[in-house]
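Here is how the chains run, residue by residue.
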Amino acid sequence: MNIRPIEVIEKYGRCIELISMDPFFNDITIGLFFKEPNITVFSYSNLDGVSDRLNQIRDRIVDVSGAVSIEDSPHQATFKCGMKEGCCSAPLRFVLKEAVTKDRDLDLSKGIVCKDLRSDMMIKVNYQENSDRKIYTVSGDDNAEKPIIRYRAITNGLIKYGGFERIDNFSFRLSCNERNDKIVNLLLPLARNISATEESLAADDAAGQMTTQSLGFSAN
Amino acid sequence: MIKHEGLKEEFKYVTKPDEQEHIGGLFANGDMLMQEIAYNLITGQNDQVGILVKKALDEDYTANIVLDDGLIAGMAIVGVKFRDNIIFVPEVLISARAMKAGMEHIEPILSASGVKPIGTVIMGTVKGDLHDIGKNLCIMMLRGGGFSVHDLGVDAKPDEFIDAVMEHDAAIVGMSALLTTTMPNMGTTIEAFEDAGMREEVKIMVGGAPVTQEFADEMGADAYGANAVDCVQRAKDLATSNK
Amino acid sequence: MIDINLKLTKKQRVLNALAGEDVDKPPVSNPTNVATVELMDYVDAPFPDACRDPELNAKLALTGHTELGFDSIAPYFSIIQESSALGCEMQWEQKDNWPTVRMGNPIWKSVSDIKIPSGFLEHSDNVAITRSINILKDEVKDDVAILGKTMGPWTLAYHVFGVEPFLLLSIDDPEETKKILRKLKEITILFGQAQIDSGADVLVVPDHATGDLVSGKYYDDFLLEIHQELVEDLKVPLILHICGRTVDRMPSIAKTGMAAFHFDSKNLPSEAMEAVGEGIRLVGNINNPETLYSKGPEDVRQEVYRALDSGVQLIAPECAIPLKTKIENLLAIPDAVNEWVSNKFQS
Numbered sequence: 001m002n003i004r005p006i007e008v009i010e011k012y013g014r015c016i017e018l019i020s021m022d023p024f025f026n027d028i029t030i031g032l033f034f035k036e037p038n039i040t041v042f043s044y045s046n047l048d049g050v051s052d053r054l055n056q057i058r059d060r061i062v063d064v065s066g067a068v069s070i071e072d073s074p075h076q077a078t079f080k081c082g083m084k085e086g087c088c089s090a091p092l093r094f095v096l097k098e099a100v101t102k103d104r105d106l107d108l109s110k111g112i113v114c115k116d117l118r119s120d121m122m123i124k125v126n127y128q129e130n131s132d133r134k135i136y137t138v139s140g141d142d143n144a145e146k147p148i149i150r151y152r153a154i155t156n157g158l159i160k161y162g163g164f165e166r167i168d169n170f171s172f173r174l175s176c177n178e179r180n181d182k183i184v185n186l187l188l189p190l191a192r193n194i195s196a197t198e199e200s201l202a203a204d205d206a207a208g209q210m211t212t213q214s215l216g217f218s219a220n
Numbered sequence: 001m002i003k004h005e006g007l008k009e010e011f012k013y014v015t016k017p018d019e020q021e022h023i024g025g026l027f028a029n030g031d032m033l034m035q036e037i038a039y040n041l042i043t044g045q046n047d048q049v050g051i052l053v054k055k056a057l058d059e060d061y062t063a064n065i066v067l068d069d070g071l072i073a074g075m076a077i078v079g080v081k082f083r084d085n086i087i088f089v090p091e092v093l094i095s096a097r098a099m100k101a102g103m104e105h106i107e108p109i110l111s112a113s114g115v116k117p118i119g120t121v122i123m124g125t126v127k128g129d130l131h132d133i134g135k136n137l138c139i140m141m142l143r144g145g146g147f148s149v150h151d152l153g154v155d156a157k158p159d160e161f162i163d164a165v166m167e168h169d170a171a172i173v174g175m176s177a178l179l180t181t182t183m184p185n186m187g188t189t190i191e192a193f194e195d196a197g198m199r200e201e202v203k204i205m206v207g208g209a210p211v212t213q214e215f216a217d218e219m220g221a222d223a224y225g226a227n228a229v230d231c232v233q234r235a236k237d238l239a240t241s242n243k
Numbered sequence: 001m002i003d004i005n006l007k008l009t010k011k012q013r014v015l016n017a018l019a020g021e022d023v024d025k026p027p028v029s030n031p032t033n034v035a036t037v038e039l040m041d042y043v044d045a046p047f048p049d050a051c052r053d054p055e056l057n058a059k060l061a062l063t064g065h066t067e068l069g070f071d072s073i074a075p076y077f078s079i080i081q082e083s084s085a086l087g088c089e090m091q092w093e094q095k096d097n098w099p100t101v102r103m104g105n106p107i108w109k110s111v112s113d114i115k116i117p118s119g120f121l122e123h124s125d126n127v128a129i130t131r132s133i134n135i136l137k138d139e140v141k142d143d144v145a146i147l148g149k150t151m152g153p154w155t156l157a158y159h160v161f162g163v164e165p166f167l168l169l170s171i172d173d174p175e176e177t178k179k180i181l182r183k184l185k186e187i188t189i190l191f192g193q194a195q196i197d198s199g200a201d202v203l204v205v206p207d208h209a210t211g212d213l214v215s216g217k218y219y220d221d222f223l224l225e226i227h228q229e230l231v232e233d234l235k236v237p238l239i240l241h242i243c244g245r246t247v248d249r250m251p252s253i254a255k256t257g258m259a260a261f262h263f264d265s266k267n268l269p270s271e272a273m274e275a276v277g278e279g280i281r282l283v284g285n286i287n288n289p290e291t292l293y294s295k296g297p298e299d300v301r302q303e304v305y306r307a308l309d310s311g312v313q314l315i316a317p318e319c320a321i322p323l324k325t326k327i328e329n330l331l332a333i334p335d336a337v338n339e340w341v342s343n344k345f346q347s
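Chains as they are written, first to last, in the working numbering: chain C, 1 to 220; chain U, 1 to 243; chain G, 1 to 347.
Bear in mind the hints are in silico, worked out from the structure with no lab data behind them. Computed from a predicted structure; not experimentally measured. Hints may be right or wrong, so weigh each one.
Said to hold, decoys possible - Here are the simulated lysine-lysine pairs, DSBU-like style, with alpha carbons at most 30 Å apart:
| # | chain 1 | residue 1 | chain 2 | residue 2 |
| --- | --- | --- | --- | --- |
| 1 | G | LYS295 | C | LYS84 |
| 2 | U | LYS157 | U | LYS54 |
| 3 | U | LYS54 | U | LYS16 |
| 4 | G | LYS217 | U | LYS8 |
| 5 | C | LYS134 | C | LYS80 |
| 6 | G | LYS295 | C | LYS80 |
| 7 | G | LYS217 | U | LYS81 |
| 8 | U | LYS16 | G | LYS115 |
| 9 | G | LYS115 | G | LYS7 |
| 10 | U | LYS12 | G | LYS266 |
| 11 | G | LYS295 | C | LYS97 |
| 12 | C | LYS97 | U | LYS157 |
| 13 | C | LYS160 | G | LYS178 |
| 14 | U | LYS157 | G | LYS95 |
| 15 | G | LYS115 | C | LYS102 |
| 16 | C | LYS97 | G | LYS95 |
| 17 | C | LYS146 | C | LYS160 |
| 18 | G | LYS217 | U | LYS16 |
| 19 | C | LYS35 | G | LYS178 |
| 20 | C | LYS11 | G | LYS95 |
| 21 | C | LYS80 | C | LYS110 |
| 22 | G | LYS183 | U | LYS81 |
| 23 | U | LYS55 | U | LYS16 |
| 24 | G | LYS217 | U | LYS12 |
| 25 | C | LYS146 | C | LYS35 |
| 26 | G | LYS295 | C | LYS11 |
To be verified - Examples of chain C residues toward chain U, derived with CB under 10 Å:
| # | residue |
| --- | --- |
| 27 | ILE6 |
| 28 | PRO189 |
| 29 | ASN193 |
| 30 | SER200 |
| 31 | ALA202 |
Said to hold, decoys possible - These stretches of chain G come out as covered by chain C in the derived footprint (C-beta under 8 Å, 3 or more residues):
| # | segment |
| --- | --- |
| 32 | 15-28 |
| 33 | 40-46 |
| 34 | 289-296 |
| 35 | 325-334 |
Even for Gly, the Cβ is constructed at its ideal location relative to N, Cα and C.
Kindly generate the complete structure, drawing on both the sequences and the hints.
Shown next, in the form of structure tokens:
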């Protein structure tokens with residue numbers, strides 16, 4: 001692939017996220033680009049097999065996020081809403097990381113559930129349609145000292161990382177008003193402890209930065 | 001109340017009311033010898049601190065009084081001046097060295113008093129991190145606070161912490177990190193203790209500039225120390241809870 | 001002064017700006033690294049190999065000109081090559097992280113330990129730079145400015161003595177500290193000259209007497225005279241680089257006689273311009289972690305405009321860019337300069 005960076009940007013749009021070293025394929029750098037209505041998985045690497053790996057990542061993105069493959073368009077996908085004005089792009093950072101670096105089966109057979117970290121509760125997110133609105137609501141088995149506070153915090157986390165629209169303290173919907181259980185399911189573990197997620201994001205961001213701290217030239 | 005003229009000048013750098021109250025309180029008994037020690041520590045006169053600490057001990061001041069009212073009280077002012085950019089790292093280093101000079105007289109008394117160390121602590125900066133100024137200050141304070149401390153140095157891998165706990169029969173592990181990129185290695189080390197079936201045997205505390213209480217909770221640490229003085233208090237709390 | 005009727009090569013643009021002479025537009029320069037993980041894949045030259053192999057190094061350095069549109073290319077990406085050649089213990093890391101010196105195990109303790117090893121310039125980690133400059137010179141000839149880099153004595157002291165021991169020495173024995181700096185300066189000159197002989201047009205001199213660790217008075221007491229001497233010893237334009245908050249030492253830096261000072265975003269362009277006056281040109285100072293790494297082209301453009309509006313003579317990121325910086329943000333820098341010039345000088 002000899003396509004130049006300026007051509008990549010022209011063709012595939014802005015880079016939303018980079019995974020600097022693909023642990024499953026020769027440490028190549030994987031980028032996720034967005035140009036409405038498509039997201040594109042891309043790498044500048046010219047190694048043999050790169051195209052197949054990018055397809056595999058694209059398929060994983062579809063599996064974990066509810067995106068839709070674009071037929072005859074290798075390495076590309078979109079969301080049902082067509083991603084107008086960047087809709088559904090907010091969680092793509094987490095989607096790419098999941099698709100490239102992890103190998104989990106994000107099972108939805110029991111619904112959107114996960115164990116809380118700060119209490120013994122099982123958290124669940126229910127879907128319902130109300131008039132023409134497609135709403136998700138956070139609740140749980142109340143097995144905590146102040147469950148309401150946890151539900152509210154987790155709702156805030158889902159809204160933050162998903163770019164969702166708030167309905168009330170415990171409910172939200174996707175900005176495009178579509179149903180997408182997969183993306184909510186992907187984000188739920190991250191939403192249950194925002195500060196830990198933020199620390200993890202900060203650690204990802206700090207890698208490869210040269211600062212007086214990272215050089216060892218600082219006491220802070 | 002502060003009677004020592006030099007120390008009065010140094011105290012002027014403490015401008016926040018709550019800090020004035022707290023640090024002023026450390027000098028409340030007005031003892032001139034303690035204030036002389038504090039002043040010489042602040043100005044980095046390590047030989048003089050050594051001489052004065054020995055003099056105090058010879059005059060039957062207890063080791064703990066000298067530590068708290070002389071050395072730690074002086075370091076509190078150093079901490080404020082550094083934070084407020086009145087002094088920089090070289091000045092902090094000479095104060096830390098003066099602290100160490102005082103500790104050389106105090107540590108043997110604490111360990112020779114027939115009283116066992118409060119506890120044994122394994123201290124290290126986590127894997128990938130090469131910073132040690134904060135860790136070294138904590139170690140000095142811990143030793144002064146009555147702990148036996150084994151220093152793993154910097155870039156300490158999880159297995160090194162585990163081996164050291166077993167070798168020294170330590171009940172407390174202290175981990176430091178000064179980079180957000182290395183902070184997750186605290187979690188990795190804690191997991192290593194779990195994998196080794198040793199997590200219940202130790203109490204783990206963490207600290208370092210980017211570390212927070214919330215991060216410590218998320219990583220599964222037992223305590224978080226916001227600074228070197230706090231580190232000692234946390235270690236004492238953990239040692240008490242171990243019993 | 002900007003004269004849009006001039007027809008300059010990239011190299012002429014950079015050299016003119018450093019000399020305070022007229023340019024057709026302010027140059028976009030990289031006294032510090034602009035390589036990214038994507039560019040490493042593009043030319044198949046990943047870290048750490050690209051830091052240690054001259055051919056991979058040259059391929060990656062060239063992308064600053066061919067793909068990013070900068071007016072200069074700089075093969076020395078990090079700050080540790082000559083410290084490795086001196087024998088320091090190294091941590092070379094991997095593709096997405098910076099190589100560092102293990103300063104916890106310093107190689108020297110006192111001024112009498114300082115010795116330049118025989119074959120120092122022939123050490124592979126120095127040849128990685130000098131040979132790369134040869135390759136780049138053959139490639140770009142006189143069209144693009146080649147920026148070499150040689151660590152100043154303060155930074156070298158941190159690497160070879162360790163930060164804490166050296167800072168203690170600086171307050172315990174300032175005279176011994178000055179002797180150390182004078183001896184280490186010989187390494188700065190030796191490696192710098194080797195790069196000039198290989199074809200470097202300019203030398204960047206990072207010397208990390210930063211506000212994070214030491215006061216402005218330290219700069220006056222320990223480094224000002226040495227930096228003035230470097231100007232006499234190395235006969236190409238020199239760009240001094242010090243990270244962090246440095247406004248308090250900029251008036252002194254302006255007296256060094258160096259061509260330019262590469263400054264950090266912790267200092268506003270306007271206050272930096274005021275601090276240096278007419279004494280030295282400024283290069284900078286687009287923020288790395290918040291702007292280039294985390295935001296988008298429009299935010300980059302705003303910072304470029306802010307620097308240009310303040311009169312900063314050469315535009316650059318504030319320091320080595322994060323290796324995961326997105327290319328579109330780097331492309332935004334020369335685009336913004338072109339647009340600014342167009343708005344200001346063409347109707």
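Hint check:
1. Simply put, G/LYS295 and C/LYS84 have alpha-carbon atoms about 21 Å apart, close enough for the 30 Å limit, and the pair holds.
2. Proposed proximity of U/LYS157 and U/LYS54 is contradicted: the alpha carbons are some 39 Å apart, above 30 Å.
3. Pair hint U/LYS54 plus U/LYS16 does not hold up; C-alpha atoms about 33 Å apart against a cutoff of 30 Å.
4. For the given pair, G/LYS217 sits about 25 Å from U/LYS8 by alpha-carbon distance, which is consistent with the 30 Å threshold.
5. For the hint pairing C/LYS134 with C/LYS80, the CA-to-CA distance comes to about 14 Å; that is within 30 Å, so the pair holds.
6. With a C-alpha separation of about 27 Å, the suggested pair G/LYS295 and C/LYS80 falls inside the 30 Å cut-off, and the hint holds.
7. As the CA atoms of G/LYS217 and U/LYS81 are separated by approximately 17 Å, the hinted pair is consistent with the 30 Å bound.
8. Simply put, U/LYS16 and G/LYS115 have alpha-carbon atoms about 49 Å apart, too far for the 30 Å limit, and the pair is violated.
9. Distance hint between G/LYS115 and G/LYS7 is unfulfilled; the C-alpha atoms sit about 47 Å from each other, more than 30 Å.
10. Distance hint between U/LYS12 and G/LYS266 is fulfilled; the C-alpha atoms sit about 28 Å from each other, no more than 30 Å.
11. As the CA atoms of G/LYS295 and C/LYS97 are separated by approximately 19 Å, the hinted pair is consistent with the 30 Å bound.
12. Pair hint C/LYS97 plus U/LYS157 holds up; C-alpha atoms about 26 Å apart against a cutoff of 30 Å.
13. For the given pair, C/LYS160 sits about 54 Å from G/LYS178 by alpha-carbon distance, which is inconsistent with the 30 Å threshold.
14. Distance check on the hinted pair: U/LYS157 and G/LYS95 sit about 21 Å apart at the alpha-carbon level, within 30 Å; holds.
15. About 50 Å separates the Cα atoms of G/LYS115 and C/LYS102, which puts this hinted pair outside 30 Å; it is violated.
16. Using a Cα cut-off of 30 Å, the hinted pair C/LYS97 and G/LYS95 holds, with the two alpha carbons roughly 18 Å apart.
17. For the hint pairing C/LYS146 with C/LYS160, the CA-to-CA distance comes to about 22 Å; that is within 30 Å, so the pair holds.
18. Note on G/LYS217 and U/LYS16: the hinted pairing holds, with a Cα-Cα distance of about 27 Å set against a maximum of 30 Å.
19. With a C-alpha separation of about 57 Å, the suggested pair C/LYS35 and G/LYS178 falls outside the 30 Å cut-off, and the hint is violated.
20. Our distance criterion of 30 Å between C-alpha atoms is met by C/LYS11 and G/LYS95, whose separation comes to about 26 Å.
21. Annotation: proposed proximity of C/LYS80 to C/LYS110 holds, straight-line Cα distance about 24 Å (limit 30 Å).
22. This hinted pair does not check out: G/LYS183 and U/LYS81 have alpha carbons roughly 33 Å apart, beyond 30 Å.
23. Distance restraint check for U/LYS55 and U/LYS16: the Cα-Cα separation of roughly 33 Å exceeds the 30 Å cut-off, and the hinted pair is therefore not satisfied.
24. At roughly 22 Å between alpha-carbon atoms, G/LYS217 and U/LYS12 fall within 30 Å of each other, so this suggested pair holds.
25. For the given pair, C/LYS146 sits about 43 Å from C/LYS35 by alpha-carbon distance, which is inconsistent with the 30 Å threshold.
26. Our distance criterion of 30 Å between C-alpha atoms is met by G/LYS295 and C/LYS11, whose separation comes to about 21 Å.
27. The closest approach between the C-beta of C/ILE6 and any C-beta of chain U is roughly 31 Å, which is over the 10 Å cut-off, so the hint fails.
28. For C/PRO189, the shortest C-beta to C-beta distance to chain U is roughly 12 Å, which exceeds 10 Å, and the interface hint is violated.
29. At about 6 Å, the closest approach between the beta carbon of C/ASN193 and any beta carbon in chain U falls short of 10 Å, and the interface hint on this residue holds.
30. A cut of 10 Å between beta carbons decides the hint on C/SER200: the least distance to chain U is about 7 Å, and the hint holds.
31. The beta carbon of C/ALA202 is positioned within 10 Å of a beta carbon in chain U (closest approach about 5 Å), and the interface hint is therefore held.
32. By the rule of at least three residues with a Cβ nearer than 8 Å to a Cβ of chain C, the coverage given for the segment 15-28 of chain G is violated, with 0 such residues.
33. Beta-carbon proximity to chain C at under 8 Å applies to 5 residues in the segment 40-46 of chain G; the threshold of 3 is reached and the given coverage holds.
34. Given a C-beta distance limit of less than 8 Å, the hint that chain C covers the segment 289-296 of chain G holds, as 4 residues qualify and 3 suffice.
35. With 4 residues having a Cβ less than 8 Å from any Cβ of chain C, the segment 325-334 of chain G passes the three-residue criterion, so the hint holds.
Going through the hint list in order, the structure does not satisfy hints 2, 3, 8, 9, 13, 15, 19, 22, 23, 25, 27, 28, 32.
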